[in-house]
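Colleague: Assemble the dimeric complex from its two separately framed chains, guided by the hints.
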Amino acid sequence: MYQYDHYDQTLVNQRAQQFRDQTRRFLEGELTEDQYRPLRLMNGLYIQRHAPMLRVAIPYGLLSSIQMRTLAHIARTYDQGYGHFTTRQNIQYNWPKLEEVPDILDDLAKVQMHAIQTSGNCIRNTTSDHLAGVAADELEDPRPYCEIIRQWSTLHPEFAFLPRKFKIAVSGAQRDRAATQVHDIGLQLIKNARGEVGFEVLVGGGLGRTPIIGVVIRDFLPKEDLLSYLEAILRVYNQWGRRDNKYKARIKILVKETGIASFAQWVEKEWATIRDGMRLDQAEIDRVSAFFKTRQYLSLPEVDPALEEQIARNQAFAAWVRRNTVTHKMKGYRAVFLSLKPHGQPPGDMTDTQMNAVADLMDRFSFGEIRVTHTQNLVMADVEQQHLLDLWQALDHLGLATPNVGTATDMITCPGLDFCSLANAASISIATGIQSLFDDLDYLYDLGDIRINISGCMNGCGHHTVGHIGILGVDKKGEEWYQITLGGSSSNDASLGERLGPSVAKIEVTQTIEHILLTYRDLREGEETFLDTVRRIGMEPFQERVYGHH
Amino acid sequence: MDIIKDGRIQADTLTHLDQDAALPKGAFSVSLTRWQSEKSALLATGQPLAVRLLPAEIVDDLGEDLPLLSMVVLEMNPFTDGRSFTQIRSLRERLGFRGEIRVLGDFIRDQMFFLHRLGANAFEFAPGTDLKDRLKAFEEFTVTYQAASDQPQPLFRRRAHP
Ligand code: HEM
Ligand code: SF4
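In order, the protein sequence lines correspond to chains A and B.
When the letters of the first sequence are read in order and numbered with this note's numbering, they come out as residues -1 to 548.
When the letters of the second sequence are read in order and numbered with this note's numbering, they come out as residues 42 to 203.
Next comes chain B alone, as it looks inside the complex (with noise of 0.2 angstroms):
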């Protein structure tokens, strides 16, 4: 299935594990609570290592494991949820995660804009999304007014002061 990632629509192949799937050949993706009841037995498929968080769960609950991730995917459901974002921005900034963070879920194209600025540089859609049409969120605004993963300063301080 096709998805966003880093400004450009890319072939991608992660399956988004149940509780008890049996692990699959390729990348997967697990919830939280698998993840720290069967760390072991996970790192040891050698397969770069995905866990999934609901907009309750806390970041910092990853802290320690972050390294051992290649990817965070952020479940946003309901879209209106905006613990998304701080988890998000959490992630990067204060905890320094530098691998792939994900959207997943409800989240619709008007979020996209925020959700990339804070970091989130891949996003997976419902079947039959166009994501031709999605990759217009991030054309809306070249103007921000706050510093971001996307924009180390804030506009206070790039405006030339007289």
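Looking at chain A on its own, in the form it has when it is part of the complex (with noise of 0.2 angstroms):
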């Protein structure tokens, strides 16, 4: 993986520095609350319903050993003993005390890790594919530019007081894992008639209140002017995106206001400007890109009968590895997950001990590194077959092999009403709640691949609209319901859900989802998905076994 040099050690450092500072001029009374603001939420420091939430960025999703263990040490120091994996492929920890932060971003970057730009209005984290540079649908990895776009994005002295949060993400691979389509921008490495490797722009995505899929605006992109092409977007977003009012100041308004061929025309006019002075070099393309291609694969046969007897023998070990390993681009090996989403528990959270333990199978398997999914899950990439049943007893152990990623219960939740201020309703009970359907595996296979998205409130953290099933949370007259939509997807047939009809009480809501996926047992053909069933036979089938019961 990418290893500082002394520039961004000494950039970590010195904002480190600058923050601790700041901190005490808001503590000493020299800095106002108003004015503070903006300045800890571009450090990723949120003030909720408890305590502040300190976010730290995890860029496109990597992770070293050697970080997994401070994280452990942040958790265990200064929290209560876990962090809390998000959907964007960061970590949060949700009880730090104000007065120590600088003490945990000083802990950050010995490890060459920050929060900085992790919230405000400034451009966030860049997030990738979970499985970049192992996939077999790869054209190219993805992470090189994402590292090159952290670059270029940190500390950008024009884009720090955007009129809005700015998300990118990048993939490059065929299959979409990566959200990009609700991306403010998503960028997708492909290649053009003539053989060369560039992306496809788009612009506009984003969840949130407004959920909306991002629009082409640039079908081929050289990657020379990936930089400049990407600052021509931020500066006309930066001059003209709205201003007046925070719920239409993303870009994706901006872009549907205007529309897709204006805007378009706007930057194309800006990126005239700066083009050629912009031009990223090969040679910083290699610099960077030579960082993640340091795996010593070992040659190994494609199948392994060690590996074909144990899955036989062992019933519980074998619906681990068909659940939550995918294959690897490279013979031998596979792509292991770890579920964060053990029934019963907060989705996305993990345990100092945990953690550590963690870090050690990582030493021990898979190159001393790990990802974190936007589906709030851990990938070990790099995994040789013969160590799967070792490894899977490790995980299981620490509890982190519930053969569920894809399922019915591997879902995305948002912190919700428990420790989130804006919530109208909890999430992560209702979570549980539908978790407690599957006592038995069985069934939850049978249903296989589904999303199900849950958000506390229509802010959309729990990316409800882009899940196959979407839960939203909210008030009615001081009471939590949820509003059901079915056949949304952030994958490369995204779509947002539509909603299934009138909202429903709390009590309610594992029933409802049962009932919905009981329709689709009933109705699927063959081996249809719950989304291609939704998608054929529309929602009326779903609202009459929903609603026909009242």
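These are computed hints drawn from the structure, not numbers from a lab.
Honestly, I wouldn't trust all of these hints.
With a cut-off of at most 30 angstroms between alpha-carbon atoms, the simulated DSSO-like pairs for lysine-lysine come out as follows [what the hints assert, rightly or not]:
#1 A/Lys244 / A/Lys163
#2 A/Lys474 / A/Lys244
#3 A/Lys95 / B/Lys177
#4 A/Lys108 / B/Lys177
#5 A/Lys163 / B/Lys177
#6 A/Lys267 / A/Lys189
Modeller: Pasting the structure below:
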């Protein structure tokens, strides 16, 4: 993975020092609450229901074992012994003390980490495919470009006070695992007719209150123009994005109100003035890329007879291999998912003990690295097949081997009423309620790949609008109710879910979801997935089943 | 009153004129609208001329007049309105303005490094501000990834490639 040189390190050290000073000035009354707010947000510090929340950046979701141990240390020393992995591949701590945040940043800086631009109206952590570099369907590893974007966007002098937050995602594979279509800018590596690799650029996607799918602004952007083109889009947005209404301030609204054709013209005009001066050197692309090509893979046989035998003998192991591991571009390796969705636990949470133990497993089995997925799980991307059984046993012992990745109990869930001051309703207890439907794992597996996403309010941190089943907490006269949507997706076939009907009371959510799943089971054809079934049969059969009962 | 200019604390006598305040003897600044409506009278004063821009105003509206101006003043209110940053950059890099670019308003110390990077070279504060403290803004970072007015090359061109 990318390693800091003295420039990167100096900047992160100085940033930690700057934040220490800002916090001191705030605590001593030199900075007002209003002045300190954007400064703390630009360092990932929210004030929420019980305590500040600190969001630490995990650039494109990639972590080393050393970094994982530091995350454990922070959870243990400054928090209540756990951290929460987020949908943007970062980690959040729910209980740090404001006075101690500067110390946390110092600890992070020692392992090449920071909280720079993890919230606030600025360019956020660039996210990517959690299978980057190991996926068989990949054209090129997107992470070098994410790192190049990270550096360009870090303390960018012009774009620290944008109208609203700005999120970029990069994917290099055929299958979009980075939700590029629901980002402010989505970059997809593609090959043009001349055989050159560059980017298809999407703009104006986003979730939140007004979810919108991004549109193509450029079919093909040469790599060397990556930064100048991003800069042109950001400049147009900074100048023209709405600042009169924070609910209309995202770039998606600007693109929509302007129309993509005019918006693209503005960008092209700005781009023409900066393009030549901002060309990315091939030497820099090569320098950064080299960090991601350091793997010494063994040449292994495709099939490992010992593994086949273990699978045949041990049903639980077999289920885990099937559900929680995927193929790797190299023969004899698999990518292994660690499920952070054990039934009955808040999705995405991990204790310091688990983090430390996982760091050891990363060293033993996966070149000392791990990735965070945007569905709030982890992936050890480079595991030799012959180690799967050992790894499974270790993970099972840690409670990280629930064989449910990609299934109905692998939900994305925002913190909701338990932590978030903006929430209308609980999210976590809704998730655990749904998980309680699945004591019988065969029932879960029979339903196949299903994405259920839950948000506690329309800000949509839980991506409910792009869930195959979306659950949104709404407030009805002070009571928690839930709006259900069906048919959303954030993958290649991105779409926004459609409303099922009137919202349902909290105690009815679990049963409603069960009715929806049973409707699918009854009406699917052959191997048809949930999403395909919804798209084929429409809402009506689901509505009949859910509302017909009342 | 003292201001920070070119990295130093200096005395300054510029008066910011309202829409219909009488023209003073010394240096002054006017709003964009006053500039547009009274251009020839203002030029006739023979004084160095400064025009103030609000965040919502477009630098290109000054375009052809820029050579007539010795200074552009950006009123950064509220301080979170980031359009000022793009205004400064456009003035320096796209429109090639070489005169003084001064920031005025509610901006905070923690923004000065960025403003300076983009090409602002003067900072005017509310009376009573501790200017020595504000000078620290320029020393917080020694590393920058991006090219800007203070640094012609991005870091990737300055890094020694192996
Ligand atoms: C408890 C503290 C949190 C607060 C106060 C909060 C607040 C918000 C708000 C106000 C928005 C809407 C922004 C907009 O529409 O422009 C938002 C969006 C979002 N948040 Fe959170 N959030 C919190 C926690 C989280 C967590 C834990 C995650 C990840 C699991 C998360 C991920 C997101 C995402 C992905 C979006 C939507 C991004 C988009 O619009 O494209 N948030 N959040
Ligand atoms: S979706 Fe709403 S309730 Fe959930 S974390 Fe975001 S702001 Fe809070």
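Colleague: Look at each hint and say if it fits the structure.
Modeller: Structure-based check of each hint:
A hinted pair counts as satisfied when its Cα atoms are at most 30 angstroms apart, and A/Lys244 with A/Lys163 qualifies at roughly 10 angstroms. Our distance criterion of 30 angstroms between C-alpha atoms is met by A/Lys474 and A/Lys244, whose separation comes to about 24 angstroms. With a C-alpha separation of about 27 angstroms, the suggested pair A/Lys95 and B/Lys177 falls inside the 30 angstroms cut-off, and the hint holds. Proposed proximity of A/Lys108 and B/Lys177 is supported: the alpha carbons are some 25 angstroms apart, at most 30 angstroms.
For the proposed pair A/Lys163 and B/Lys177, the alpha carbon gap of about 28 angstroms is at most 30 angstroms, so the pair holds. Distance restraint check for A/Lys267 and A/Lys189: the Cα-Cα separation of roughly 25 angstroms lies within the 30 angstroms cut-off, and the hinted pair is therefore satisfied.
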